[in-house]
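If you're matching them up, the sequences are chains A, B, C and D in order.
If you're matching positions, the first sequence starts at 1 in my numbering and goes up one per residue.
If you're matching positions, the second sequence starts at 1 in my numbering and goes up one per residue.
If you're matching positions, the third sequence starts at 1 in my numbering and goes up one per residue.
If you're matching positions, the fourth sequence starts at 1 in my numbering and goes up one per residue.
Derived by calculation from the structure, the hints in this document are not laboratory data.
Check the hints yourself; a few may be wrong.
The list cannot tell twin chains apart, which means a pair is met if one copy fits it or any two copies do.
Here are the simulated PhoX-like cross-link-like pairs (lysine-lysine), alpha carbons at most 20 Å apart as the crow flies [said to hold, decoys possible]: (1) Lys220 x Lys134; (2) Lys128 x Lys200; (3) Lys283 x Lys83; (4) Lys79 x Lys200; (5) Lys83 x Lys282; (6) Lys79 x Lys283; (7) Lys19 x Lys152; (8) Lys79 x Lys282; (9) Lys8 x Lys299; (10) Lys134 x Lys152.
Keep in mind that this is a model prediction, so the values were computed, not measured.
Listed here are the chains, written in short residue letters.
Number of protein chains: 4
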Amino acid sequence: MNFDQILKEIQKEIAPLFKEGQVANYIPALANVNPNQFAMSLQLFDGTSHHIGDVDTEFSIQSISKVYTFTLALHLYGKELYKNVGHEPSGNSFNSLIQLEYEHGIPRNPFINAGAIVTTDLLMNTYKDETFAKILSFIQEVCDDEKITYDKEVAFSEKEHGYRNLALINMMKSFDNITNDTHNVIADYFKHCSISMNTKQLCRSMLFLANHGIDPINNKQYLTSSQAKRINSLMLTCGHYDASGDFAFQVGLPGKSGVGGGIVAIVPGVMALSVWSPQLNKKGNSLIGTKALELFTTKTGLSIF
Amino acid sequence: MNFDQILKEIQKEIAPLFKEGQVANYIPALANVNPNQFAMSLQLFDGTSHHIGDVDTEFSIQSISKVYTFTLALHLYGKELYKNVGHEPSGNSFNSLIQLEYEHGIPRNPFINAGAIVTTDLLMNTYKDETFAKILSFIQEVCDDEKITYDKEVAFSEKEHGYRNLALINMMKSFDNITNDTHNVIADYFKHCSISMNTKQLCRSMLFLANHGIDPINNKQYLTSSQAKRINSLMLTCGHYDASGDFAFQVGLPGKSGVGGGIVAIVPGVMALSVWSPQLNKKGNSLIGTKALELFTTKTGLSIF
Amino acid sequence: MNFDQILKEIQKEIAPLFKEGQVANYIPALANVNPNQFAMSLQLFDGTSHHIGDVDTEFSIQSISKVYTFTLALHLYGKELYKNVGHEPSGNSFNSLIQLEYEHGIPRNPFINAGAIVTTDLLMNTYKDETFAKILSFIQEVCDDEKITYDKEVAFSEKEHGYRNLALINMMKSFDNITNDTHNVIADYFKHCSISMNTKQLCRSMLFLANHGIDPINNKQYLTSSQAKRINSLMLTCGHYDASGDFAFQVGLPGKSGVGGGIVAIVPGVMALSVWSPQLNKKGNSLIGTKALELFTTKTGLSIF
Amino acid sequence: MNFDQILKEIQKEIAPLFKEGQVANYIPALANVNPNQFAMSLQLFDGTSHHIGDVDTEFSIQSISKVYTFTLALHLYGKELYKNVGHEPSGNSFNSLIQLEYEHGIPRNPFINAGAIVTTDLLMNTYKDETFAKILSFIQEVCDDEKITYDKEVAFSEKEHGYRNLALINMMKSFDNITNDTHNVIADYFKHCSISMNTKQLCRSMLFLANHGIDPINNKQYLTSSQAKRINSLMLTCGHYDASGDFAFQVGLPGKSGVGGGIVAIVPGVMALSVWSPQLNKKGNSLIGTKALELFTTKTGLSIF
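All chains, full assembly: derive it from the sequences and hints.
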């Protein structure tokens, strides 16, 4: 397939959609991003890649970081992990609190905030004070890029406005599902949400999920084949907040989005791809990013359905 | 692939699991089924099929009927439907009631009971007194088998014990999300849950979902390609109650289960397959059926991931 | 005290409040009442009574009937009753459903709809087909007036629009907390809600609650002293839906209101009093009725605090 | 009445109940109290008082402190207060979280933890860093005893285990219903819960609530008559967690209990009384304390019903 041509078509077709969405405004550090940006990148197994748009501009990966932390935790603990965090879809944010209460402090999956906070706590059991450093160096490794770091202003802004996340961690702590000091856990959680990446780095980093847990370029194994499948199935059923069902239908690929406007997706056996555009739809996912991925699977037939 | 050989291997490998599960006992008519039964069927696009076990024994399809009613409603109403029923995964049964309240009587998807009840009500808007007859004749058509009917004893038993479903329909009626008489709607709902089929008929009937909405054997079109994709994505994210995430991981195929012990699954572009074994796991899905499908995708590599 | 003078003052002081509230409109039969009506009655132990306003006009007692049915049930079953219905305040209507779910179908008290439905079901265990006749004849007895009956149009209207009550009874039935046929129970429930009374009858009927369970005029005993205290304490903590705390503060008397605009209150050891005015405040209690009772306790010092 | 004789009778009658309850064990500092203690005190308007048992032993007042903080806040802000905290009964602790969510972070009343935390935050708006000092000096003033202080070990213990309270305050902060730094608010909240008093001091301190807001001994006015009535009605409807309805029935007096085993109650126009015994019943109120108060109103007829 002529991927460069397809990317050009997509770029043209999404152009009329600028200004239909709204940039995340719950923290000041994100609200100030120029809304009229777009980037899309494809990373193939043979090392070749295709890009279009603002592909060198870094953005806040936000919830996409949940994929990296869960990967690390799954590698460290395997199925033991499921004592602390489930793997079933959850409903909307309203329920996340009720469900935590009803299900005794065990989040339904690692891609809702509560689940990613527990995952961070589990990493801290092993990595102690080195937890964030380990997370960051893992991301640098899968990206093959040591320059990746986090945005201190965003992390500080998260902390200043993250009261609901503090409510969640304290409720889980009251159910004994958090082991470490809540302030340390939440600080590291906010840090990894604040990591900055561009679409080039993002699609490069997830290639191992498209290839049974093994990076096809350098042959490093990060997960077993079964573990990689678990993450892909979780991304498909829970990767897009309360629009996961819609994403599965419209795009038909495992993927994970963040409120910074980034989305990463996996074509099993073929490639990883990423897209970024900061304006969000009503469900909190990149409006143009979702459309661009839908156009991609329509044009290429690479949906899993 | 030698499907007959694969089916034989599966039959052998699931044998030790008999008696690990429990037959549905919430209604007497289901509780009396001989638990030690197993059947599995594959239906290919060229009309050939492969079977093993008790493939001529009929069982109650229960929630699998939700796929047929949603197909009919999607064909009739298209996207208009989404005013009355959503397409996002929901959490457990506990939440179905709270969510109905919180989301003003709109069920999250057509594969939870509330959603299938609304779907039945929508069909009744068009088909009036003929609603169940139309549902049944549609199922006979996609099965290419006019002998299919429903089990009156099961339907009566459902009605005698279906108080939670009556609570759901009345709550939705109080939110004006049910148009027709609640007793008529619920009676038809219980009837289509009580339809009896065997695995041969079941996999034959769903072949159109594996082929973009068109039955590949007789070329009849039941849905648009986009609508078929919608149903497949719904089956993948919501098809197995509170174990949908697990099924997506373990089996990796769109599918729908019923408490009668049946499961149907789709390999897009390749086949439909069905399995039946009445003992259920703790989440209410056929224990041996789920295992058999997992063995199938492992042996054939036909998972979508 | 010069009660006639006090009633005149109250009538004058409430006059400016007409049209600040809104007549119940959830069923057509109640929506058509002339909103500019007001009546107030006091019934003393020595048989004397004082009245002002439209005291001969009958209105729908609605939830006030819950006091009569609970009296009958408490007399029949004593503390056994508390297996099926609690005696603690509940929050708002939203929670009534969640709490029923969380507390396994046991309503928190007999003065929320779910609790009164269970109470009606318990009476039906004893009275069978005679249940409504027994309820009505009990009310006629405590009123000393055989002409009291129910309004068939209101009862029919309730049934036509009572889907939330049907949701409640079916949910409780699914938890085995309803013994009799749900349609029979709910029919009798709607009937006793539709009983029509005037303020004269209403205050006469509740005099036994002000006198330790014994009617001070004819010396008939309906409840033990302890049971009468239980009902008074329930009226104080749960008698006015989601404004029970406000009523306890503003009026400071045990009381029970209905959406028909009636309120009955008890001055322990002194009198029973009743008020009626059909316009409701935002919490569903008679706006002018509540104010009239507040003026009464302010002028007389007869609050329990 | 011969109050000394009545207290002796009560002491004798409650003796067989020792060891039927269980001392609060959610924090170590409370779990170590000798369970076999009992004290009861009455404080009359003329300055005379009556006591029995361990009346000089101090105990942790815990939730009883909510009455003092609400008194201060009501005095400072009047009805403005109700924008931030309601005055209606709530259901059980399970709901406190759901209700906070559903009611946008506004607690239902000042006697549940969330409500008392908001009250503390409101006091901090005025008193800043002096907040706890002001609370303590107010309690010393109404007790007429400058030696009263708080137990640092208990306060530390609360903080070490108070994760659910931290969840509550952070959720309210996310709804903008907390103004000050959450750590400062919660620290002061835990401190005032940890104040130690004996029954002599406790009943002395609440006398103003029995006398329209004015201390009848020294004639100091702390609240208006209407404000005092509000607190009494709140104590009657919400003073005993999920057993408020039972307490209203069994004792029939406005009262407030704490998990330290103390209960204070008001006989309007007559006296304040207090009781302490550390073993709790299943609803978290002093088992023997509740019984002692029930015996008191039975023997004296001083119930408000």
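Here is how each hint holds up against the structure:
no. : hint            : result
1   : Lys220 x Lys134 : within (17 Å within a copy, 56 Å between copies)
2   : Lys128 x Lys200 : neither (31 Å within a copy, 51 Å between copies)
3   : Lys283 x Lys83  : between (29 Å within a copy, 17 Å between copies)
4   : Lys79 x Lys200  : neither (32 Å within a copy, 36 Å between copies)
5   : Lys83 x Lys282  : between (33 Å within a copy, 16 Å between copies)
6   : Lys79 x Lys283  : between (31 Å within a copy, 18 Å between copies)
7   : Lys19 x Lys152  : neither (28 Å within a copy, 57 Å between copies)
8   : Lys79 x Lys282  : between (35 Å within a copy, 18 Å between copies)
9   : Lys8 x Lys299   : within (12 Å within a copy, 40 Å between copies)
10  : Lys134 x Lys152 : within (17 Å within a copy, 39 Å between copies)
In the structure shown, a violation is registered for the earlier hints numbered 2, 4, 7, in ascending order.
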